[in-house]
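The two chains are supplied separately, each in an independent frame; assemble them into the complex guided by the hints.
Protein sequences appear in the order of chains B and V. Whatever position you read off the first sequence (first residue = 1), add 209 for my numbering. Whatever position you read off the second sequence (first residue = 1), add 10 for my numbering.
Treat the hints as calculated values from the structure; they're not laboratory data. Some clues are possibly wrong.
[Said to hold, decoys possible] Taking lysine-lysine and the DSS-like style, the derived pairs with C-alpha atoms no more than 25 Å apart in a straight line are:
1. K184/V x K213/B
2. K41/V x K277/B
3. K202/V x K60/V
4. K231/B x K314/V
5. K213/B x K332/V
6. K132/V x K60/V
7. K41/V x K169/V
8. K93/V x K169/V
9. K184/V x K261/V
10. K276/V x K169/V
11. K277/B x K169/V
12. K261/V x K202/V
13. K231/B x K287/B
14. K134/V x K314/V
15. K277/B x K51/V
16. K169/V x K213/B
17. K231/B x K184/V
18. K231/B x K261/V
19. K254/V x K169/V
20. K91/V x K202/V
21. K261/V x K265/B
22. K169/V x K51/V
23. K213/B x K265/B
24. K93/V x K134/V
25. K276/V x K254/V
26. K265/B x K202/V
27. K51/V x K265/B
28. K91/V x K184/V
29. K213/B x K287/B
30. K287/B x K277/B
31. K338/V x K213/B
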Amino acid sequence: MERKEWPLWEVFIRSRNGLDHKHCGSVHAPDATMALQMARDVYTRRLEGVSIWVVKAADIVASDPDAKPELFDPAEDKIYRHPTFYQLPEEVNHM
Amino acid sequence: MYTQSLSVPDGEAKGPRKVENPEYLAEFNAKIDAGGFIEAKDWMPEAYRKTLVRQISQHAHSEIVGMLPEGNWITRAPSLKRKAILLAKVQDEGGHGLYLYAAAETLGVSRDELTEALLSGKAKYSSIFNYPTLNWADIGVIGWLVDGAAIMNQIPLCKCSYGPYARAMVRVCKEESFHQRQGYDLLLQMMKGTEEQREMVQDAVNRWWLPSIMMFGPHDRDSIHTETARWGIKRISNDDLRQKFVDATVKQAEVLGISLPDPELKWNAERGHYDFAAIDWDEFWNVVGGHGQCNVDRLAARNKAWNDGAWVREAATAHAEKMAAREKQAA
Chain B
210 MERKEWPLWE VFIRSRNGLD HKHCGSVHAP DATMALQMAR DVYTRRLEGV
260 SIWVVKAADI VASDPDAKPE LFDPAEDKIY RHPTFYQLPE EVNHM
Chain V
11 MYTQSLSVPD GEAKGPRKVE NPEYLAEFNA KIDAGGFIEA KDWMPEAYRK
61 TLVRQISQHA HSEIVGMLPE GNWITRAPSL KRKAILLAKV QDEGGHGLYL
111 YAAAETLGVS RDELTEALLS GKAKYSSIFN YPTLNWADIG VIGWLVDGAA
161 IMNQIPLCKC SYGPYARAMV RVCKEESFHQ RQGYDLLLQM MKGTEEQREM
211 VQDAVNRWWL PSIMMFGPHD RDSIHTETAR WGIKRISNDD LRQKFVDATV
261 KQAEVLGISL PDPELKWNAE RGHYDFAAID WDEFWNVVGG HGQCNVDRLA
311 ARNKAWNDGA WVREAATAHA EKMAAREKQA A
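Chain V on its own, in the form it takes in the complex (with noise of 0.2 Å):
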């Protein structure tokens, strides 16, 4: 991406470009409409950029945390296999939290700020990671249904409006199609095994069965983020997301051989779709609010690898800075 890593704060007028103008905003919308994409150095109306980077950096965020919980059961995987698979897994979230945030960055906002956010508590990362990984099923369980509802997400958002988020999005979603089949494979096994082992697959699809479809969000129409869709940020709604996962997670699931935790799944003919039980929103938005079981666990770990790593930026930095001091003297 091509970022500029000046923090710009909101509302500063920062050359003719920042100024609300009709004519820039009808080039703009004429761009949008022709299914074009808008750069970081293009005029944009201000909501938009602030739209973008409270979603990209969430975003990014829900990486970063999102290796909290897989973390968790690095020590403790099974084989040497499942532990590098599960190591390069966590990686690979790091990863993307480090393409998104530099996507958020093109915007005029600086890491530090970012980082600020989520370590305050200020900025809101997926509820998903506020669950615990109490078995080791979980580890399947979240690669299948968690990054199975992610992957369902983030699709429709490489062909985004904003060209450096777009381009982070392809990255991306070519990653996390190893991490859905890591799991599954990984659940497949343990099918394979002991009457306890499936317990606990069982055990783990019922914990997370819900959280996974609450992923998609509020139902369209709760939502309040309606001009998205005029912007061509959000190309295809919550609840037809939610829908298309369910239908497309029915079957992994009777192929694996378990039951979904539904008693109100099935088939309906006449719409195409499988029917599902409605959904708890006041615990969604519970754990959105910071109230779900790992909130408080998961805040507490990011601040203190940030508070640990201090003195290693600070080294690093003073390091540079003497090297480039010894350079200038020598020349």
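Pulled out of the complex, with its shape left as it was, chain B reads as follows (with noise of 0.2 Å):
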């Protein structure tokens, strides 16, 4: 039988209830039900996570990196989308 890799998984752990899933890496899987195992094996082994999330790999869609100016640039010049920007009288700026 020809040798097939198996596909490849991203890894995202809760690590407590009340925060985000994160990234943390990937692993090979035949399925899902064995993503699920594996990413439990190799990224959860000291109380790590409450929760894992597993997806293909190959269903991620990404932004290009080429098109980093495009896409992340036009906000470099809205210092106005920020608190900050607002200078208050000194009484009422902790606002």
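Structural data, given as structure tokens:
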């Protein structure tokens, strides 16, 4: 039988309730059940998580690293979107 | 890690960012100089990518082969407590190998390619794992000295310029501390035992000391990978790390009550460091070159494990395909 590499799954872990799931690494597994099992063995040997998400790496749609300027630079000159842009009178500036 | 599982053969141009371009290079160098991180999909010089693939995969192979000398003692651990600790440690080493393979895969090599390079003997792994574990104290000494040396090497890597590698190393270093401490604890307990047990500890230290300080690699003046410093992959030199390790270990040996097998080891007040004997590099290159005591056994064990597991990998793939087809039919 010709060897087929198991697909790659990206692993996200919620370290405790109240926090977001965060990307922590990847595993190879034949299916979702095994991917969860392997993610548990590889990434949570010391109570690192209370919940795991796995998603096939091939299903992730990512922004193009070459498009960084078009995507993110326009936000650079919109400093009025930040609260610190507004200088208020001393007495009320903690608003 | 954000990984691509497709294999990209060396030298194949893939899209505009693969092209060597002075403008991209300037941008890359500026990022490195500013202490920034390079991420998987960012443009990088081909030589940087190749160096990282080599270093990260060798590191991963070392973790995987490193399971063998210690695995050798799991069934013979002297108590249930020590057996549980050793199992956890060996499982960690397997985990470290997996974090690192995943980091290497973000650079466009496939897991199978990396595995194949190890199994065929093409890829190198740390020379330290080609020494045999002859008595139970070896397990303690590996934790104390071998993992201790590994930690010295690995802590600077947590700040290396390649993001996926740096993040994997943060995770590895957190766990390595347990490895070193359990080893020292094991030795402390043996030193409180019989005269024969103390001799076992000294014997193990005598055999592992030189291989441990060789783990830092050739002297800086003989090192061929100088560009790794420029690229922020290697932040502290081999000799500086080795000196740091020797300085830290002397006190630990004293507390343990054993002697380090080096008659030239003594404090040099002028340098503010311990002096130690010259290293026999012929032995080092001999072991790296495949002629250590256990090279043949280690590769044979890895090949056997891989081949014996083939039917499991195939069955799991077949099951996944069957389930997927069944689901499709039901829909």
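Okay, the hints, checked on the actual structure:
| no. | hint | verdict |
| --- | --- | --- |
| 1 | K184/V x K213/B | violated, 34 Å |
| 2 | K41/V x K277/B | holds, 15 Å |
| 3 | K202/V x K60/V | violated, 49 Å |
| 4 | K231/B x K314/V | violated, 36 Å |
| 5 | K213/B x K332/V | holds, 15 Å |
| 6 | K132/V x K60/V | holds, 15 Å |
| 7 | K41/V x K169/V | holds, 14 Å |
| 8 | K93/V x K169/V | violated, 34 Å |
| 9 | K184/V x K261/V | holds, 23 Å |
| 10 | K276/V x K169/V | violated, 32 Å |
| 11 | K277/B x K169/V | holds, 24 Å |
| 12 | K261/V x K202/V | holds, 18 Å |
| 13 | K231/B x K287/B | violated, 28 Å |
| 14 | K134/V x K314/V | holds, 18 Å |
| 15 | K277/B x K51/V | holds, 11 Å |
| 16 | K169/V x K213/B | violated, 35 Å |
| 17 | K231/B x K184/V | holds, 18 Å |
| 18 | K231/B x K261/V | violated, 41 Å |
| 19 | K254/V x K169/V | holds, 18 Å |
| 20 | K91/V x K202/V | holds, 17 Å |
| 21 | K261/V x K265/B | violated, 49 Å |
| 22 | K169/V x K51/V | holds, 19 Å |
| 23 | K213/B x K265/B | holds, 16 Å |
| 24 | K93/V x K134/V | violated, 30 Å |
| 25 | K276/V x K254/V | holds, 14 Å |
| 26 | K265/B x K202/V | violated, 52 Å |
| 27 | K51/V x K265/B | holds, 18 Å |
| 28 | K91/V x K184/V | holds, 22 Å |
| 29 | K213/B x K287/B | violated, 50 Å |
| 30 | K287/B x K277/B | holds, 17 Å |
| 31 | K338/V x K213/B | holds, 21 Å |
In summary, the numbered hints that this structure violates are 1, 3, 4, 8, 10, 13, 16, 18, 21, 24, 26, 29.
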